[in-house]
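What follows is each chain in one-letter form.
2 protein chains.
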Amino acid sequence: MKAQIITIGDEILIGQIVDTNSAWLATELNSLGISIDSIFSIADTRSAIHGALDIVPKDVRLVLMTGGLGPTKDDITKDALARWFDSGWKVDPKVLERVKEHFRLRGIPMPEVNVNQARVPEKCEVLTNSLGSAPGMWFEKNGCVFISMPGVPFEMKHIFSDAAVPEIKKKLKLQNIIHRTILTQGIGESSLMEIINEWEDGLAIDNVKLAYLPSPGAVRLRLSINDESGGKGQEIIHDRVEALLPLIKDYAFGFQRETLESVVGKLLTRYGYTLAIAESCTGGYISHLITSISGSSSYFMGSAVTYSYEAKTRALDVSQADLNDVGAVSEEVAKQMAAGVRDLYKTDFAISSTGIAGPGGGTPDKPVGTVWIGVATPTETFALKFSMGDKRERNIRKTALQALQLLRKEIIKSVKISELESLYLK
Amino acid sequence: MKAQIITIGDEILIGQIVDTNSAWLATELNSLGISIDSIFSIADTRSAIHGALDIVPKDVRLVLMTGGLGPTKDDITKDALARWFDSGWKVDPKVLERVKEHFRLRGIPMPEVNVNQARVPEKCEVLTNSLGSAPGMWFEKNGCVFISMPGVPFEMKHIFSDAAVPEIKKKLKLQNIIHRTILTQGIGESSLMEIINEWEDGLAIDNVKLAYLPSPGAVRLRLSINDESGGKGQEIIHDRVEALLPLIKDYAFGFQRETLESVVGKLLTRYGYTLAIAESCTGGYISHLITSISGSSSYFMGSAVTYSYEAKTRALDVSQADLNDVGAVSEEVAKQMAAGVRDLYKTDFAISSTGIAGPGGGTPDKPVGTVWIGVATPTETFALKFSMGDKRERNIRKTALQALQLLRKEIIKSVKISELESLYLK
Numbered sequence: 001m002k003a004q005i006i007t008i009g010d011e012i013l014i015g016q017i018v019d020t021n022s023a024w025l026a027t028e029l030n031s032l033g034i035s036i037d038s039i040f041s042i043a044d045t046r047s048a049i050h051g052a053l054d055i056v057p058k059d060v061r062l063v064l065m066t067g068g069l070g071p072t073k074d075d076i077t078k079d080a081l082a083r084w085f086d087s088g089w090k091v092d093p094k095v096l097e098r099v100k101e102h103f104r105l106r107g108i109p110m111p112e113v114n115v116n117q118a119r120v121p122e123k124c125e126v127l128t129n130s131l132g133s134a135p136g137m138w139f140e141k142n143g144c145v146f147i148s149m150p151g152v153p154f155e156m157k158h159i160f161s162d163a164a165v166p167e168i169k170k171k172l173k174l175q176n177i178i179h180r181t182i183l184t185q186g187i188g189e190s191s192l193m194e195i196i197n198e199w200e201d202g203l204a205i206d207n208v209k210l211a212y213l214p215s216p217g218a219v220r221l222r223l224s225i226n227d228e229s230g231g232k233g234q235e236i237i238h239d240r241v242e243a244l245l246p247l248i249k250d251y252a253f254g255f256q257r258e259t260l261e262s263v264v265g266k267l268l269t270r271y272g273y274t275l276a277i278a279e280s281c282t283g284g285y286i287s288h289l290i291t292s293i294s295g296s297s298s299y300f301m302g303s304a305v306t307y308s309y310e311a312k313t314r315a316l317d318v319s320q321a322d323l324n325d326v327g328a329v330s331e332e333v334a335k336q337m338a339a340g341v342r343d344l345y346k347t348d349f350a351i352s353s354t355g356i357a358g359p360g361g362g363t364p365d366k367p368v369g370t371v372w373i374g375v376a377t378p379t380e381t382f383a384l385k386f387s388m389g390d391k392r393e394r395n396i397r398k399t400a401l402q403a404l405q406l407l408r409k410e411i412i413k414s415v416k417i418s419e420l421e422s423l424y425l426k
Numbered sequence: 001m002k003a004q005i006i007t008i009g010d011e012i013l014i015g016q017i018v019d020t021n022s023a024w025l026a027t028e029l030n031s032l033g034i035s036i037d038s039i040f041s042i043a044d045t046r047s048a049i050h051g052a053l054d055i056v057p058k059d060v061r062l063v064l065m066t067g068g069l070g071p072t073k074d075d076i077t078k079d080a081l082a083r084w085f086d087s088g089w090k091v092d093p094k095v096l097e098r099v100k101e102h103f104r105l106r107g108i109p110m111p112e113v114n115v116n117q118a119r120v121p122e123k124c125e126v127l128t129n130s131l132g133s134a135p136g137m138w139f140e141k142n143g144c145v146f147i148s149m150p151g152v153p154f155e156m157k158h159i160f161s162d163a164a165v166p167e168i169k170k171k172l173k174l175q176n177i178i179h180r181t182i183l184t185q186g187i188g189e190s191s192l193m194e195i196i197n198e199w200e201d202g203l204a205i206d207n208v209k210l211a212y213l214p215s216p217g218a219v220r221l222r223l224s225i226n227d228e229s230g231g232k233g234q235e236i237i238h239d240r241v242e243a244l245l246p247l248i249k250d251y252a253f254g255f256q257r258e259t260l261e262s263v264v265g266k267l268l269t270r271y272g273y274t275l276a277i278a279e280s281c282t283g284g285y286i287s288h289l290i291t292s293i294s295g296s297s298s299y300f301m302g303s304a305v306t307y308s309y310e311a312k313t314r315a316l317d318v319s320q321a322d323l324n325d326v327g328a329v330s331e332e333v334a335k336q337m338a339a340g341v342r343d344l345y346k347t348d349f350a351i352s353s354t355g356i357a358g359p360g361g362g363t364p365d366k367p368v369g370t371v372w373i374g375v376a377t378p379t380e381t382f383a384l385k386f387s388m389g390d391k392r393e394r395n396i397r398k399t400a401l402q403a404l405q406l407l408r409k410e411i412i413k414s415v416k417i418s419e420l421e422s423l424y425l426k
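These protein sequences, in sequence, are chains A and B. My numbering puts the first sequence at residues 1 to 426. My numbering puts the second sequence at residues 1 to 426.
Possibly wrong hints are sitting among the right ones.
Pairs count within a copy or across copies, as identical chains cannot be separated in the list.
In silico DSSO-like pairs for lysine-lysine, Cα to Cα no more than 27 Å straight-line [said to hold, decoys possible]:
(1) Lys169 <-> Lys157
(2) Lys157 <-> Lys2
(3) Lys232 <-> Lys170
(4) Lys249 <-> Lys58
(5) Lys391 <-> Lys426
(6) Lys409 <-> Lys58
The set of hints was computed from the structure by calculation and includes no laboratory data.
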């Protein structure tokens, strides 16, 4: 089963945005057992859209289009589709209601132009978009399914997962591919490869496939098996994962779509612990990750982001003498920051970061990327040193993930469960 | 002058990597006045490569290919190109020398397979790659130039800029396309459209094109003109922008690739002001944005992220009585948070956020999305109420941008420059 992705819009063609929608869709399609023939990014013009549709390869049975569905003048996808599918128009009452509701909720009168959003080609089935006003559309022609979705990533993802995938599964005979993703932090792709090399070689016997999916500070390992025969696939994957985990127990933190912040949140919630954070080089990013989890207010009390020496002494009682003697990027200051914020917010656990995010500020002793992470628990306070490389954005992300991993290990230690047991906590 | 970009390699098609090469090339080509017809990502197979080359649109005069030029088995681009251009082979002595040098410098014996890298199709001109062993190749056929480059970003960028661009300029008569992007915050795409409708209608006279590029909480407006006649384009765009700005002065905050955090940083730096932040519902995200700017340590002192009532009273001296009487999501508390953090870190300006990010926590009085943003300046403290909708992630982002916009306006007010003047500050 082959699919093609077509992204519509000038913003990709002029390099103004990077096309992340396609990578996301490609991953999702792969997990459904659908392989991507090609990804095509084209202009927001009728001729470009028709041109792309005219040359869809013959063996492609699913075409996913994103972009060009907003209410404004430069969005002409819908019109181009109506013409290509030789279709008249209808007003979809559900979509109209949704558009009106969208504005009613915000207390804004609906601009007349938005009525157009409820106008869809007669020949399409509407795929509901409950997060925005532009609907998804499902067409069929010559045995191929064509799905058009808005380009706004969160709307596209929602329409695809909630409305399109169930229909795709029904309509197209899909192979049953089973995936299991194991999440790791704190080890690079090639080091990980060396550790699990022998285990990896054994996968071929059962036709299990492995993909390394690296991102800054984290590598996901995805196991896949084509379970057409039915039945054995789940079991095979389960056994392989059980054999893998002991090899990577220092790095593995969860499965599938979990994140370090969600795993930490789960542990804090389960054991009734509270958390505070003191951030210097990460500048609020660890707090942002923690609070991106809904329900985090039950365990997260607060943070102090202390970017200057004075802020560190005023908000966290860090010793001025230590700042002068050993500098802010030091074991002493990392420990005092963690202990200070734990004390300020009266929490069970606290973590801290202090380092040189770059690009400036490095010295021969403390080059850019030098980071101390502090941890304060009910029983001890300590700090560890890391080298995170020389890119500011990556440094901040890698430091945040490393801090959450250290926190995770301390929580596990305090409740006396093993690394492996902890992975299966719900 | 139109170009097409073709990226070759399975890693994009399975979603393993996001295609950033194309965005980079597109930006470079646009700045040369070359517009991109389309971007095509295809598999690493001869048939896919031939298929893509067979359907290059007739008006495309430049095709840039990236990927598939390494020494390993799955890289078959070079072979596919030799066949498509109906070419024999040659060994390029310069490339061979470079490949040998590459290994000599690293003190590694050259694997025999790498000799193949010096083998290139007879019909190509070699584009020197001084950062790696895979050469760039320049072909011509039917009045179209085809350039093949390796997929490793830094090698590709180097070959393109240093070897390809000078040849492209010589060979092809280039148009001059001029872009200008105006950035707005605090107004939706369709409302913006109504405000500038009349102005927009007038663009056609000069063949100026407008694109709306929305993202949560912000809309970019991009003007483009094909400056073929030479000279007038800059002037036309300038005049159009000058006519637009007064219409959107409450929302516009910058141009091109600026961000609200970079604009605020620029203003704080220029006027020697300092900033502190108190965050509740944004949970550290405003601080993260501010500190994502390198050099922010010169104006950003610190933040208090106070997620609980107790954190607000302990860290920021918020009145317990007010928390009990009117709740955390209130004008009083937003003001006290801003004033409290300004006092704690002794800064010139402070902003605060307190709201219901969702999805839980809403009440009839204060539905999800209700947010108060506080601002404390050297002369006053106030708070404003907003409704940000019902999606947690978007709420956080929109609230952060709104807070930065309010801060920006207060800084401008305090130094007595107008909204329009401020846009041109360097």
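Same-copy or cross-copy closeness of Lys249 to Lys58 [CA-CA at most 27 Å]: Cα proximity of Lys249 and Lys58: none, with 44 Å in one copy and 51 Å across.
Status of Lys170 relative to Lys232 across identical chains (alpha carbons, at most 27 Å): within (23 Å within a copy, 57 Å between copies)
Copy assignment of Lys157 with Lys2, given that the CA separation must stay at most 27 Å: within (20 Å within a copy, 32 Å between copies)
Intra- versus inter-copy proximity for Lys157 and Lys169 (alpha-carbon distance at most 27 Å): Answer is within: at 16 Å inside a copy they meet the 27 Å cutoff, but 41 Å across does not.
Intra- versus inter-copy proximity for Lys426 and Lys391 (alpha-carbon distance at most 27 Å): between (35 Å within a copy, 25 Å between copies)
Within, between, both or neither, where Lys409 and Lys58 count as close if Cα-Cα is 27 Å or less: neither (51 Å within a copy, 56 Å between copies)
Hint compliance for this structure: hints 4 and 6 are broken, all remaining hints hold.
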